[in-house]
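Listed below, chain by chain, are the residues.
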Amino acid sequence: MGLTAAALALSATACGKSSTGSSSSSSAASGSAVKAAIAYDIGGRGDQSFNDAAFAGLQKAEKELGVKGAEAEPSQGESDADKVARLTSLARAGNNPVIGVGFSYAPAIAKVAKQFPKTTFGLIDDTSVTAPNIANLVFNEEQGSYLAGVVAAKASKTGTVGFIGGVEVPLIKKFEAGYTQGVKDTNPKAKVLTQYLTQPPNFDGFSKPDLGKAAAEGQLDKGADVIYAAAGLAGSGAIEAASAAGKWAIGVDSDQYKQAGLASYKNQILTSVTKDVSGSVFNLIKSVKDGKPQTGEIRYGLATNGVGLADSNPAFVKMTDVTAAVEKAKKDIVDGKITVKTAP
Amino acid sequence: MMKIDKDKLIIGAAGPVLALVSSFVLTVLVLLATGLDPIEPIRLMIDNAGYSDVQVLIVNYTGILYLAALGVAIGFRMNLFNIGVEGQYRLAAMVSALVGAAVDLPGPLHILVIVLVAIATGALWAGIAGILKTTRGVSEVVSTIMLNAITTSLVAWLILPKNFGVQPAGSNDLTTGQIPESGWFPGIDMGEGGQIYGFTFVALALGVVYWFVINRTRFGFDLRATGESESAAQASGVDAKKMIITAMLISGGLAGLAGMPILLGESHTYSLAFPVGVGFTAITVALLGRNHPVGILFAALLFAFLEKASSSLDIAGYPKEITQIMQGIIVIAVVVSYELVRRYGTRRQQQKVGEELAAGGAIKTDKEVSA
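Respectively, the protein sequence lines represent chains A and B. Using the working numbering, read the first sequence as starting at 5 and increasing by one per residue. Using the working numbering, read the second sequence as starting at 68 and increasing by one per residue.
Keep in mind the hints are simulated off the structure, nothing from the lab. All of these numbers come straight from a predicted model, not from anything done at the bench. A portion of the hints provided could be inaccurate.
Computed list of chain B residues with no C-beta within reach of chain A, every gap over 10 Å [unchecked claim]:
1) 81
2) 109
3) 204
4) 249
5) 275
6) 279
7) 281
8) 282
9) 299
10) 300
11) 359
12) 396
With a straight-line Cα cutoff of 27 Å, these simulated DSSO-like cross-link-like pairs (lysine-lysine) come out [what the hints assert, rightly or not]:
13) 188/A x 229/B
14) 332/A x 188/A
15) 229/B x 345/A
16) 229/B x 195/A
Glycine included, every Cβ here is placed at the ideal spot set by N, Cα and C.
So that you can see chain A by itself, here it is in the shape it has in the complex (with noise of 0.2 Å):
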């Protein structure tokens, strides 16, 4: 044991120095490579949904654009301060664009867009703060929810459709409200369950599964046979419980259908409303490269499917019906005939 141990460490010391070594290198000769840095939100990388996104975007563009993408986690407790000290060490570093990823990085890149002019920043889910170098890639997550509103409503039995929320903010409830009117819209006499799993500072409803399950079982109790689940990893749990039961889920963020870790349960994943958060930086990085940076309001709605509904599951394209009332709705929302709320 002790050998191997000291073994490991050794050969890992070597790793470290050199990884070290070629980053500081790179730092050096900066100029010629376009580097990208995204700082992540709270959760950071490995939440399954917004920050894995965001990574999945930079990781793109590494491969494609053959950009050199550093990343940086926030820490716990902190303040705007060493939001501020994180993208300046990361903007300082040469990195363009540098990517908040989430709302509370607003009052920092106002900040720091000021301290580098050249430097391109893009501001996810914000468009309160603006700049001639600041790209705010925003999302109509409330269009793509009422699409899946109409299928919920067209696909009960019961008349009654569960949402779970994670974690009760403004962002979320983007979702809620954009469902809960495609559903209302489509069948008036319809129940719609609300439930949200935290209230901040609590984020555990974005990460603990056993919350969404224990969520999804009271509203299947209830009578609700589609449960929609905007609750990043916590929604994997609704999907399970809805599995279980045998009744419809409705995946978020990705497209749940396709995820390896919700393999057994995808037969019920009749659908899910995907941000394409992923396609949203890597845009962005490739219009700094191309040496047009995206600047202020970079929308991504229905129109441009930035949002929308996956279709993998064949049970859900059989439903023609189904499928026939959510191209009419996005069709009217596109042509602005359905105005789809923010807010409950």
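Chain B: place on chain A using the hints.
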């Protein structure tokens, strides 16, 4: 006299030193076991601490931790474990931010109102636990943990836009509205490094007040006496119930102040992004600092250093979580080493008394002379 003081000092310092050394060694072992270079991250952290902006972050965070830890420590001196500092801190920051944004007063008065509201809110919240303890015998450990949970729900409800919260246009954040500039506490501008919150100096001043009250006043004596033995203190005429409530009120008031450096010096609003976890870290800081104002200051400085100097480790390819491992190990090491040192101290004392008894009645006159 001198000799006894020296003994006390060595024994007092032995605990923290033992804890720090063992936690450092254990952290290096953990890094080795996970296959990482054990020295490089620590070297990087020391490098980071050389940058002026990191130094400002460390100083500012020290002030915040110091206030919260004083709140914990005053409870500890009374043998009260106020785990609710976190909840008191958050609720006080939120309510005082609300009041601060709602009123518009001339400069110093505006700040004073915000600070007083924060103290009152924190004290009230902790006072609930104090009253439950004195009237119903509810353990303050249980009640303050529950009050933390209630704080989360209460703040989440208060900050809803339909109640008192504000959602800025285009933002997904919820805030309590911006406090007008008259309610901003001026800081010290460090140029590139940023700003040292002015309230940090209030924190340090409160450390002096804490020392004076605990060691030089009747109240402080009663507090320590009740902490040592409630029944003995009561027998000598101390109203233990009153002391419990007073201690909880002060503890909560200090916890309420812990939100002020950031609220008055930087954010000027309470939002979903307001720092959390300060109250829990403060418990460790108070433990490590042995509830002594100077000890707490060094402990707060150490924790602020660990937290802030490690924040860019992940950019260099090292997991910054090693800081949490280090802090966790410090907690365990502190508890173990204090117990070891305490036992050693007791044994030593017994030995001494034995020796002195063996030496005969000489001790009495010795003591009288020295006194």
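Hint check:
Non-interface status of residue 81/B relative to chain A is upheld: no Cβ of that chain comes within 10 Å, the nearest being about 30 Å off. The Cβ of residue 109/B lies farther than 10 Å from every Cβ of chain A, with a closest approach of about 12 Å, so its non-interface assignment holds. No beta-carbon of chain A is positioned within 10 Å of the beta-carbon of residue 204/B; the least distance is around 29 Å. Consistency note on residue 249/B: stated as away from chain A, and its beta-carbon is indeed over 10 Å from all of that chain's, at 20 Å minimum.
Against the 10 Å criterion, residue 275/B stays outside the reach of chain A, whose nearest CB is about 26 Å from its own CB. With a minimum CB-CB distance of about 30 Å to chain A, residue 279/B clears the 10 Å threshold, and the non-interface call stands. No beta-carbon of chain A is positioned within 10 Å of the beta-carbon of residue 281/B; the least distance is around 27 Å. For residue 282/B, the condition that its CB be more than 10 Å from all CB atoms of chain A holds, with the nearest at approximately 31 Å.
With a cut of 10 Å on Cβ distances, residue 299/B stays outside the contact zone with chain A, its closest approach being about 39 Å. Once the 10 Å rule is applied to beta carbons, residue 300/B is consistent with being away from chain A; the minimum gap is 36 Å. Even its closest Cβ contact with chain A, about 24 Å, leaves residue 359/B beyond 10 Å, as expected for a residue assigned away from the interface. Remark: the non-interface label on residue 396/B is consistent with the geometry, its nearest Cβ contact in chain A lying 17 Å away (cut-off 10 Å).
With a C-alpha separation of about 23 Å, the suggested pair residue 188/A and residue 229/B falls inside the 27 Å cut-off, and the hint holds. Distance check on the hinted pair: residue 332/A and residue 188/A sit about 16 Å apart at the alpha-carbon level, within 27 Å; holds. A threshold of 27 Å between alpha carbons decides the hint, and for residue 229/B with residue 345/A the separation of about 16 Å falls inside it, so the pair holds. For a cut-off of 27 Å, the pair hint linking residue 229/B to residue 195/A stands: about 23 Å separates their Cα positions.
Every hint, counting from the list given before, is met by this structure.
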